[in-house]
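Q: Here's the letter readout for the chains.
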Amino acid sequence: EAQVTQNPRYLITVTGKKLTVTCSQNMNHEYMSWYRQDPGLGLRQIYYSMNVEVTDKGDVPEGYKVSRKEKRNFPLILESPSPNQTSLYFCASSLRGGGQAFFGQGTRLTVV
Amino acid sequence: GQQLNQSPQSMFIQEGEDVSMNCTSSSIFNTWLWYKQDPGEGPVLLIALYKAGELTSNGRLTAQFGITRKDSFLNISASIPSDVGIYFCAGRNQFYFGTGTSLTVIP
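Residue numbers (the numbering used here), protein chains in the order written: chain U, 1 to 112; chain P, 1 to 107.
Some hints here could point you the wrong way.
[To be verified] DSSO-like cross-link-like pairs, simulated, lysine-lysine; straight-line CA separation at most 30 angstroms:
id	chain 1	residue 1	chain 2	residue 2
1	U	Lys18	U	Lys71
2	P	Lys36	U	Lys57
3	U	Lys65	P	Lys36
4	P	Lys70	U	Lys57
Just so you know, these hints were derived from the structure itself, not from any lab. Just so it is clear, the structure is predicted and the values come from calculations on it, not from any experiment.
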C-alpha cells in the first residue's frame, strides 16, 4: 500500500531535549516536505527536499533541521525544542514538486 | 513566503445545504489543488485544477480555477455529516497552502 509513515504519532518532551520525527515513503517520490499546522494558520512549510542530498528552507525553518540521505526517508530534527514548537506536524511526499502531495498521519508534539 | 487566503475560516451548516469557499493568492498559479483533512488525519487530495477557467467536478464537489489565476473556488452540494473537516487550497510551487476552512455539518 502506497503510504507516508510518520513516527511517533504523539510525543511529549521537555524544553531543550533533542528529538527526531521520522518520515518514510514507499512511492519512490523525489519530493518530500515537512509542515506544521497551527490553529488559524493552516499548513506552513518548514523544509522541503527536491531529491537526495538536496534540501531547502520553507517558510518557518527556524529551530528545525532535516536530512535526506536516502530517497525514502526525510527526518525532522529539533535540536533544542522550545514550547513554541508545540504543534501538529505533517510530512508529505510527491512525485515532483508541483504534483499531488501524499501526507502522513501527523505527529502531535508537545514541548513543556 | 506565499500567502493564500481562504474564506470563510469556518462554517456551520445544516445537513443538505450547499457550501461555498474560496481561496485567493497574491501571485499567479498554474495549478490549484483542494485537499480535505478529516479529524485526526493528514490532508487528502480532492480535486486538482490545471487550467485557468477550468471547472472540475468530483461527485458532489465542484472546483473552479479562476480566470485571473489568482483564485479558486470549491463548492459542495447537498452536504452530509461526513463532509466535516478542514478544507485546504494549495497552489503549485512547493505546496503553498491556504489557512483552511473548517466545516461543521449539523445533522
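Q: Has the given pair, lysine 65 of chain U with lysine 36 of chain P, been kept, meaning a C-alpha gap of at most 30 angstroms?
A: holds, 28 angstroms
Q: When you check the alpha-carbon spacing of lysine 70 of chain P and lysine 57 of chain U, does it fall within 30 angstroms?
A: With a Cα-Cα distance of about 24 angstroms, the restraint between lysine 70 of chain P and lysine 57 of chain U holds, given a limit of 30 angstroms.
Q: With the threshold set at 30 angstroms, check whether the alpha-carbon distance from lysine 18 of chain U to lysine 71 of chain U stays at or below it.
A: Between lysine 18 of chain U and lysine 71 of chain U the Cα gap is close to 24 angstroms, so the pair holds against 30 angstroms.
Q: Given the hinted pair lysine 36 of chain P and lysine 57 of chain U, is their Cα-Cα distance within 30 angstroms?
A: holds, 25 angstroms
Consistency with the previously given hints is maintained throughout, with no hint failing.
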